[in-house]
Amino acid sequence: MRWWKKWSFVIMLGITGIVYFVTDESLTEMTRWERMDSAGEEKPEEEWQLLESEMTFTSVSGDPLAQEEGQEPKLPPQEESLTEETSPGEQEEMPVSGTADTESMPDEPQIRIGRVEDDYFSDALFLGDSRTVGMYEYGGLEDIATFYASTGLTIYKLFDAQIAETPGEKEKITVEEALQQQSFRKIYIMVGINEMGRGTVESFAETYGAAVAHLQELQPEAVIYIQAILKVTTERSNQGDYINNEGIEARNEALSRLADGKKVFYLDPNQAVCDEDGGLVQDYTFDGVHLKAKYIGLWKEYLKDNAVLLD
Amino acid sequence: MLFSSIEFLLYFLPVFILIYMIVPQKLKNTVLVLGSIIFYAYGDSLRLWLLLMSIFANYLLARILRGRVVLIAALAANISVLVIFKYYQGGAMLPLGISFYTFQVVSYLVDVYRREVPAERNMIDFAAYIMMFPKLIMGPITSYGAIRQQLHHRSCSAEGLQEGMKLFILGLAGKVLLADRLALLWQEVQVAGFESISTPLAWIAAVAYSLELYFDFLGYSLMARGLGEMLGLRLPENFRYPYMAVSLREFYRRWHMTLGEWFCKYVYIPLGGSRRGEFRTICNLLAVWLLTSLWHGITWNFLIWGMGICLLIILERQIGKLWKGKAPAVCHLYLWLVIPVTWMCFAISDLGQLRIYLGRMFGLIPGMAVHAGDWQKALGNYGPLLLVGLVACTPLIRGIYRKLKKRWIGMLLLALCFWLCIHRILVEGNNPFLYFDF
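Line order of the protein sequences matches chains C and S. Going by our numbering, the first residue of the first sequence is number 5, and it counts up by one from there. Going by our numbering, the first residue of the second sequence is number 9, and it counts up by one from there.
In case anyone wonders, no lab produced these hints; they're calculated from the structure. There may be inaccurate statements among the hints.
Derived DMTMM-like pairs: lysine to aspartate or glutamate, alpha-carbon spacing no greater than 25 Å straight-line [what the hints assert, rightly or not]: (1) C/Lys9 / S/Glu171; (2) C/Lys267 / C/Glu206; (3) S/Lys385 / C/Asp164.
Here are some of the chain C residues that sit facing chain S, going by a computed Cβ distance under 8 Å [to be verified]: (4) Met16; (5) Tyr24; (6) Thr204; (7) Glu206; (8) Ser207; (9) Glu210; (10) Ile300.
These figures come from a predicted structure and were not determined experimentally. Every residue, glycine too, gets a C-beta built ideally from N, C-alpha and C.
Starting from the given sequences, assemble the full structure and let the hints guide the process.
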């Protein structure tokens, strides 16, 4: 028998292996791109350019960037609620930022925070990752509110994600397109857990801010609720990878500064589902990351208790 | 080191195989032992000494094995080490593979005592028997008699190596492409919480788990046999299409066969088997299943699992006398309904949670925050995979494999399958849950 016939399978395995590793270079790039790899790499350049163009756009429109510079005198109550957040206890104060400075501006309408019922969400949109998918499936709002949510969603691909179901259309469309077609009065966002391994606190908050600005542009009427990234259990946090509560807290702190108290509000549902160590309550979750279905209600109640009352 | 890990597939195995093929016949067992030490140390370096000590002690014990007292002392020593580790900290500190290698040592000692096989003279050969990495951590439990000749004289050929590789890839695909995918559905159900799944989803998830467990273990066993064949060693079969059985009795003669055979040979038959009347038979079955439960784990759910199966097997024995193999379709249906329920008892170690799960399966416990369409979504996402799994439970895929494995097209498919598995492992890591998207 000829040697190549004798070793045919080994040879074939070798050749396919070489083919695989040559083509895999590009394949891995694509998958990394899709899955937000843990390596914490910076985003590919095209995306940065995209973000930059968004940023310049927002700076033309003025508000968000100006807000970033003037934030310190503007948001004293926010800072307070944050220090309390790290040393939890009963916290009566509303975590919604900017309530104080509205009082100093008498010509602005008074913004009141209070309790609402489910029908409040009838013109609300929920944007988010698998946690928001959980809210959709188990929160009892699936027939009331609109959800553009999918597992693995990140702030980086928020508008390009093809996840929006619109009435009368079979194909899902991108969030960008959907927001051009439909209008909402309230928009709840929660993303951030998938981004943990990626970028820095600053770059994340910057992208998030640009996304909020773009949302406002598309939906000028809407109140935007930035929800804090839900934390993970202390056990999960100590597992030693990039998903940990210290990192989440740092990013939440940065997110809280994006609120302006007029149209953009920061909500921290962690208050409803975390224990004294500042992690998600162990019993509320199986995997340390997602709330079990029956505890989604706690999060929903928190949102109902902390709604901006519109006239 | 898992068989389905990059370290094993791309580094350890190729290097090991190369060295193993080059060294002369005389040194092959030495290389096998050294390779196995590295393999084991990678997974559990702390308890390597325990394994090595066990091998050394049992090698000596077998050589001086004369009389019942020595045998009983030797068995007691081996089994007590196993029991201590099983109970110590609830089994959290269980040394890798101890359940499997202890059972092999026990079979070896008993067989030597019964003069079925001579005690091994060469310590390296004995170490190779116990330690060979293809079967070290998860079996198949191989009796010394079954492998003795090959330990001493075996031929390693290009043919054997490549046939082994093919079988290994078949097993790898079962593990990586089927079991690990199906595991995600089970994970989803756990994440949602058992109170909140609909009854149809409870059944779908139980079926998914049944398939996952099968392809995980079958995949592992095929990989073990494939590795054995690559090295010129013939390891015993562990599964023979268990889900095609028509009774639980038959199921467990086809599922993890080497364990069943072990219990049969070293517990059931010595107790008298079925030759001493119906009552003794039932007692013997109970003893076997009690031990089987304990072997799998010391939490109560395993006892429920084992005793439930034992009860059904006893009932089957009675009914079977009247039934006499009529209407096999009914028997299949019975098995396919019963098996997922028993696997849930196996899978869920918290009894409160188990109660909830079974309650949801039979609609006895009201759901909380159930998403009514959850099972349609699960079928949408996992339907094709479940279908492939169900088909793979039949002899069909093995038939195709046997037909095509010597042809170019079959070899090409297997080679592609291997790199697809590698790709999946690279993308997801060894643990598909670790790099889960949230």
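- request: Just pull the numbers of the violated hints for me, sorted ascending.
  value: 6, 7, 8 and 9
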